[in-house]
Amino acid sequence: MAATGLFLCVFLVEHLYTNLHLYWGDGGKEFNEMSHSMVHSIFIRIVEVVLFASIIIHVVQATVLTKKNSDARPVKYAIDGASMTSSWISRNMGLTGSVIFFFIVVHLYNFFLPYRITGEVGHDGQMTVAEKCAEALGNPVYAGLYLVAVIIMAYHISHGFASGFQTLGLNNKKYTPIWKMVSNGFAILMGLGFASFPVIFYVAKVMGKDLLHWNM
Amino acid sequence: MSKLDSKIPEGPLETKWSSYKSSVPLVNPANKRSLEIIVVGSGLAGSSAAASLAEMGYKVKVFCFQDSARRAHSIAAQGGINAAKNYQNDGDSTYRLFYDTIKGGDYRAREGNVYRLAEVSAAIIDQCVAQGVPFAREYGGLLSNRSFGGTQVQRTFYAAGQTGQQLLLGAYSALQRQVGLGNVQMYARHEMLDVVVVDGKAKGIIARDLVTGKLERHSGHAVLLCTGGYGNVFFLSTNAMGSNVTAAWKAHKKGAFFGNPCFTQIHPTCIPVSGDHQSKLTLMSESLRNDGRIWVPKKKDDNRKPNEIPEDERDYYLERRYPAFGNLVPRDVASRAAKERCDAGYGVGASKMAVYLDYASAIERYGKQQANKLGETGASKERITQLGKDVVKEKYGNLFDMYAKITGENPYETPMRIYPAVHYTMGGLWVDYNLMTTVPGLYALGEANFSDHGANRLGASALMQGLADGYFVIPYTIGAYLSGQIRDKALPTDHEAFVEAEKNVQDTIDRLMNIKGSKSVDHFHKRLGKIMWDKCGMARNEKGLKEAISEIRALREEFWKDVRVLGGKNELNPELEKACRVADFLELGELMCIDALNRNESCGGHFREEFQTEEGEAQRDDANYMYAACWEFKPGVQFELHKEDLKYERIKVSARSYK
Amino acid sequence: MNLTLKVWRQKNASDKGSFATYQVNDISEEMSFLEMFDVLNERLIAKGEEPIAFDHDCREGICGMCSMHINGRAHGPWSGTTTCQLHMRAFKDGDTITVEPWRAKAFPVIKDLVVDRSAFDKIQSAGGFVSVNTGNAQDANCIPIPKDDADASFAAAACIGCGACVAACKNSSAMLFVSAKVSQFALLPQGQVERVDRALNMVKEMDAAGFGNCTNTGSCEAECPKEISLDNIARLNREYLMANLKK
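Residue numbers (my numbering), protein chains in the order written: chain A, 4 to 219; chain B, -19 to 639; chain C, 310 to 556.
Calculated directly from the structure, the hints in this document are not laboratory data.
One should not assume that every hint holds.
[What the hints assert, rightly or not] When the alpha-carbon atoms are kept at most 35 Å apart in a straight line, the in silico DSBU-like pairs for lysine-lysine are as follows:
hint, chain 1, residue 1, chain 2, residue 2
1, B, K623, B, K639
2, C, K325, B, K194
3, B, K332, B, K627
4, C, K320, B, K506
5, A, K176, C, K456
6, B, K194, B, K278
7, B, K483, C, K325
8, B, K549, B, K510
9, C, K320, C, K414
10, C, K431, A, K176
11, C, K456, B, K353
12, B, K194, C, K513
13, A, K176, B, K526
14, B, K541, B, K496
15, A, K177, B, K623
16, A, K71, C, K401
17, C, K325, A, K177
18, B, K233, B, K385
19, B, K194, C, K431
20, B, K549, C, K325
21, B, K234, B, K1
22, B, K510, C, K315
23, B, K526, B, K639
24, B, K1, A, K79
25, B, K39, C, K456
26, B, K285, B, K385
27, B, K233, B, K639
28, B, K549, C, K555
29, B, K627, B, K526
[Unchecked claim] What follows is a list of derived Cβ distance ranges for each label pair:
hint, chain 1, residue 1, chain 2, residue 2, range
30, A, I82, B, E389, 46 to 52 Å
31, B, K361, A, Q64, 57 to 63 Å
32, B, K469, A, M87, 24 to 30 Å
Glycine is no exception: its CB is placed at the ideal position from the N, C-alpha and C atoms.
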């Protein structure tokens, strides 16, 4: 869990970096080019496989873990005071993970599928990937879902990131507080970064501004 | 009198043990594999013996009534373990440890046994460190020591206030290793309820599986009782709730003599009783007397708060009476002095049955030291107090926390209230140099035997004795007996002796269950405890002891008519367990009083009011009582006295003085 | 004070069990929690009802035998405290207190509040020791150990094996217990020789016993009466990873 989780965190950084190019205001040129080059890079294709594998392994492991952990206590407590001794998020990684997984499926359906599989987006004469983004994020339902998912993801990371270091045995008296701080900082950064897209694109749409081309 | 042959080897004291070891018969490895040893009890003595014997190749079975071997009450020992290592270069030696122990025991212990104890003490520390016991260390990485009552050297090794825990977990880890290797079979939640004796030799035990209630027969070539002391006869003591005399008492009834039953140690520093609900008493480690000062107000019935009583109105009575040892006099002396002050009307607290243990001056002293160390020359009083508190916290934090939890008071701010409480029993099954009782094949180790502490045990010596017996004595001495048993197969468990013993146990259980009386087991236990504490406690006299004997007899009769044991016998039934134990305490209590009545002298923990000096110190009668009183059980709860005379060849017996 | 007690009653391992409610009056706040149970049991006996079975022994917070889940908390509301050291000062007049046994597949209920923790002994047997036979030791001061290491080892070794970590963990994981033992030896020179096997074997035994996995919620550390640190779990993870790389 720790290895795949931390790898997915690294991916998030890359994803955010790419996405930030949507703000360039160059009509999405830069963003589209990055997307394009990714599709045609052997290296990225390999990483993509690893990425999908990581997600699947992370999910499968999580499912097995949740089941095993639930089985380890066949009779539950009538009064469970866990909330007094641990954070909500640490106890609900399965729940938050499920929401995130659902979002990822939707997310892939919206972007990955039309771009990479069915070829409805991003090819000559079609809507560019950037335009697709702007369109999707202008949709209140999708923007809302995106926002909620991102907030949950940030929570998920706030526990998961530090937890990963603990699982890998990298914690001790000196480092634990640092990892915790880094973990929270990272979660906030990722949360704010990704949350900015639905918020800004939706607000722009409502105000009638063309965010993709502001710099042209 | 041949039954009381102590089998002390001939020769000079210093070489007795080494020449014994070189000449004791051995059992070859092939034969060890077919010899079975039963160990009852899994404390320091039991775990260490079981592990060591299993390492040697014997087949071992271990029984304990708790859910795991690690729970045995040795775990609660706080302060430390003595060893004559002389790491502090303060003149310690085997002889000094031996001498201190004999003197501390008020010249009522055997020279040979005690010298051996002192001799093997150093090896215990080596063994424990090798096992990974995390003793306290100095910054240079070497072991740290502190001092305890009754000594003038620093020979006590410790692990914060949890030395017993760490030592037991060390022995437990050795035991569990042997369990994992298949050399030891562990029977947790099992209680031994009888010894099986055939042709005068111990051949096995009857044990009750406490979960199913089923009686089991276990056969062995030797039986080791490592079952601790019987302080719970007083109901209130520092012992664990489950600590009991049952195994030792059953052995006694099967022919093992009981030695010096009246020698009880009352520990001076315990948290006082707070009410009728009290179920046990909690010890505050003797190590606290290293730094704490004990006092009462000079004025009778002084109701001021301790911090409001000025220095010159405080009576530091131990420092006043015993300037040489001060607050570090032996336990019996400190306890009696506290009782004397309280009885005279100087006691403190709501009950007036307590004295103060004050850390204010230690906090100030440590604070100043620390300020010097940190180069804070002009440190304020508050700063010094804070620094001092930090030092005290590091040394005794867990004990102070415990005190705060129990009493709701902050011991860093206000002096602790303490009062003596029953803690340890020096008496126990009589054993010879081999640790064998008067029943061949039946051994007693650790607190369960009577051997090493005489009439008073010094602090940090119980752990030493338990581990000495288990690691370094029994592995050698058991060969003396087992080498003669190699031709005998283990007694089959369908042997009539097993059948009969099991039937007797079953009958006793049935009888208890069928009384269906009106009073709980605890009701009787509390009443017994009160009789014992009032009349056979810190101070005893002839009149009180005679009354106690008849009261206990009457109480015993009432118990067997009116006790109420609910629940079933074929299931986990803590009430039934308690009832079996209290039934034995009700017989033991009588023997303790008989023994105390017989001993017309005061020595160590046994203080007869008729026998004291003008200054109120204990007055021994060496001419008539320099013997171990060994009692033989006779049918109808009668006891016959046998004497083992104590001969001091090396030590000059003198009056014990700590002034 | 007067209290309402809801206590889990279960005749034996195969019984389904249920809560029973008791009104317990005239309780002094000086009493320990277990003394309050003594009082209740005495009253039950007087009424002819079978008293409540619960594990306890030393009553000074060190043997690790007591094991009650009180109002949703292992060992009750005070941190760093065993059930036997919990005092009634922690409660108010009129409180309702719910008491359950430890709940875990690896700790089956034997009766009422008594559970079977023998799984811990098995884990210990799998590697919680230094293989040194009696009589093989060199002089104790031949092995100097830095004070900080000795202190850290002691802090881990202070574990009393009560199982509160398992009881508190939402996954019934025994990682804190196992890590404390592994840490004690990993921090000492005496423990180095068997370091690899110890981590592998103890973890294997832990998994076989049916404990859950650690998801780093931290409840164990919060409830541990001896305040054993989560750092030990990180150390166990490290030891286990390294051991797997080596073997």
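Check: Going straight from one Cα to the other, do B:K332 and B:K627 come out at no more than 35 Å?
Finding: 43 Å, violated
Between B:K233 and B:K639, is the straight-line Cα distance small enough, at 35 Å or below?
This hinted pair is violated, its Cα atoms lying about 43 Å apart.
- Query: Holds or violated: B:K627 with B:K526, Cα cutoff 35 Å?
  - Reply: 31 Å, holds
Does B:K278 lie within 35 Å of B:K194 when you go C-alpha to C-alpha?
Violated - the C-alpha atoms of B:K278 and B:K194 are around 60 Å apart, more than 35 Å.
Is 46 to 52 Å respected by the C-beta to C-beta distance linking A:I82 and B:E389? Once the Cβ atoms are compared, 31 Å apart, the range 46 to 52 Å for B:E389 and A:I82 is violated.
Regarding the pair B:K510 and C:K315, is the alpha-carbon distance no greater than 35 Å? Satisfied, since the Cα-Cα distance of roughly 33 Å is no more than 35 Å.
Between C:K325 and B:K194, does the CA-CA distance stay at or below 35 Å? 23 Å, holds
Could you grab the alpha-carbon distance between C:K431 and A:K176 and see if it respects the 35 Å cut-off? 30 Å, holds
Within 35 Å, alpha carbon to alpha carbon, are B:K483 and C:K325? Satisfied, since the Cα-Cα distance of roughly 34 Å is no more than 35 Å.
Subject >> Given hint B:K526 paired with A:K176 - CA-CA distance at most 35 Å >> reply: 63 Å, violated
| Within 35 Å, alpha carbon to alpha carbon, are B:K541 and B:K496? | 8 Å, holds
- prompt: Under the criterion that the straight-line Cα-Cα distance not exceed 35 Å, is the pair C:K320, C:K414 satisfied?
  reply: Distance ~18 Å between C:K320 and C:K414 Cα, so the pair holds.
Against the hints set out earlier in the document, violations occur for numbers 3, 6, 13, 15, 16, 17, 18, 24, 25, 27, 28, 30 and 32.
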